[in-house]
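There are 2 protein chains.
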Amino acid sequence: MPHSLFLKDIQTRTNELLIKWLPNEQQTPTRLHQAMRYSALNPGKRIRPALVFATGEMLSANTEVLERAAVAVELIHAYSLIHDDLPCMDDDDLRRGIPTCHIKFDEATAVLAGDALQTLAFEVLSAPYVAELSDYKQLQMLRSLCHASGSLGMGGGQAIDLFMTNKASDLATLESMHRMKTGALISASVKLGFLASDCEDQVIATQLDMYSQSLGLAFQIKDDILDIESDTETLGKPQGSDINKNKLTFPALLGLDGAKKRATELVERALDALERIPLNSEKLSDFAQFIVNRHH
Amino acid sequence: MPHSLFLKDIQTRTNELLIKWLPNEQQTPTRLHQAMRYSALNPGKRIRPALVFATGEMLSANTEVLERAAVAVELIHAYSLIHDDLPCMDDDDLRRGIPTCHIKFDEATAVLAGDALQTLAFEVLSAPYVAELSDYKQLQMLRSLCHASGSLGMGGGQAIDLFMTNKASDLATLESMHRMKTGALISASVKLGFLASDCEDQVIATQLDMYSQSLGLAFQIKDDILDIESDTETLGKPQGSDINKNKLTFPALLGLDGAKKRATELVERALDALERIPLNSEKLSDFAQFIVNRHH
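Just so you know, the sequences run in chain order A and B.
Counting along the first sequence from 1, when you hit position 176 you're at 176 in the numbering used here, and nothing is skipped either side.
Counting along the second sequence from 1, when you hit position 225 you're at 225 in the numbering used here, and nothing is skipped either side.
Simulated from the structure, these hints should not be mistaken for laboratory data.
Hints may contain errors.
It does not matter which identical chain is meant; a pair holds if it fits inside one copy or across any two.
[What the hints assert, rightly or not] Keeping only pairs whose Cα atoms sit at most 27 Å apart, straight-line, the calculated DSSO-like set for lysine-lysine is:
| id | residue 1 | residue 2 |
| --- | --- | --- |
| 1 | 104 | 245 |
| 2 | 247 | 283 |
| 3 | 247 | 104 |
Quick caveat, the model's predicted, so the values are computed rather than measured.
Okay, chain A solo, but in the shape it has when bound:
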């Protein structure tokens, strides 16, 4: 299957799964549930679910277990976007081409919708399975997602990002911030795909980890590049918003060509890691190529 079809398929599946797991809009409190659905179902790239499925299917993991992991990781991502967009944070009005949650609803509802999407992510991973997944494995998956989301992962990365604005900083600091802010959840997606399977090969686990860490950073560098090279319509958010907000970016530190070179290096490192896995990792390698070639 060409990579574009795989991604399209993942987007459809993820949406169907989210529709199933999100609380019904008619259920009280309706406004909160509307806001949760509005933000989580806003059509995103679904990169994290794609990584869960691509990893898990390579390792013949059970579909139900992968579906749960994909939903949970996307719910964490959706919650983080709602809170990042708040006036006290990045103050963004537009997300994926439509009004952000606090613009469409109101600030209080946006705070609570983010909060409840986070809770739902852990509820999805802790609910009983039809599939035969050991309780031990289920707990390992929960731990992985907790660790990637908290103050030493995604949440901590966002805090560092907030206070880095306008301050002189170096490449090591910028990379370490992004490894937490974006990288931790991207790595968790791959890790969840691995944990969902019966594979216990530590060489595979280590190579997958190297793959996802390089991929996560390449993804962020490409985001920074797109903010300069793309346009508002393609991005679904204002082009040049990083520069306008005085955000420290990879192109600002390395130059545009330097940033592109670094992204290419990281993707090569990700592909090298995959080559050491004796399985058909085509989807994961296609994915790495996609990360640097995408237009939004």
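Keeping the supplied structure of chain A fixed, place chain B upon it in accordance with the hints.
Same frame as chain A, but now just chain B:
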């Protein structure tokens, strides 16, 4: 042990446990970790941990398992207070006599600190135990806390509360909101104490549920009464703030005497439920008395 000593002991234990589980202030991102510790360690009544311990100790539950549950439920409570106090929500400057998180730090840090405290609660409950607790039981405990915290529990109750302000409403609606906003987490505290033990007696489970539901509502009614009868210094927050914010309260609907009568009825119902449990439930009954007799 007199009830006041029991509560004092719980407060000391809870603080020691929170200090252990919260991330170190020196660890990056330091400002976020400072905010998390500032809010979670702000000396509260620790009512939810007290209910976990009182229930669990009655049922001879393992101490480590109870300690984890107590920490987790208090972290969820602490996160909810930070977000409730935000300018877009209740806009409170004072909590337990000291500046709220967004006043002491800033709004963005307060949002992120609340988010990370929620994640930490689930991390605490999903981490491996030294004690012999089955993975199955551990998952049950996680599910209970998720369900109590999310959009059909505490988070949903807060959403209903936000949009109830200034609107005509009836007793049933008010009670149902508080059963979610405060009641769900109070019930979860008792439930976690039960799940931490080896007890599988469904009669006991049902009576404990009745006890905690009545207690949770009585607790909220007493809060409303204190907002009228107490003073700012004793409360640690401005006296009369409910009335000033046009919040619907039990005294507003039932009159002050009617509200007191309802609280007393509920405590009696809670005590009745305990009488049907063939164990020494003294701490839980003392607790119910304390709820209606407290001064802040």
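Task: Copy assignment of residue 247 with residue 283, given that the CA separation must stay at most 27 Å - done: neither (33 Å within a copy, 55 Å between copies)
Task: Within, between, both or neither, where residue 247 and residue 104 count as close if Cα-Cα is 27 Å or less - done: both (26 Å within a copy, 25 Å between copies)
TODO: First find the shortest C-alpha distance between residue 104 and residue 245 inside one copy, then the shortest across copies, and answer within, between, both or neither for a cut-off of 27 Å.
DONE: Both, since 22 Å and 25 Å are each at most 27 Å.
In summary, the structure is inconsistent with hint 2 from the numbered list given earlier, while agreeing with all the others.
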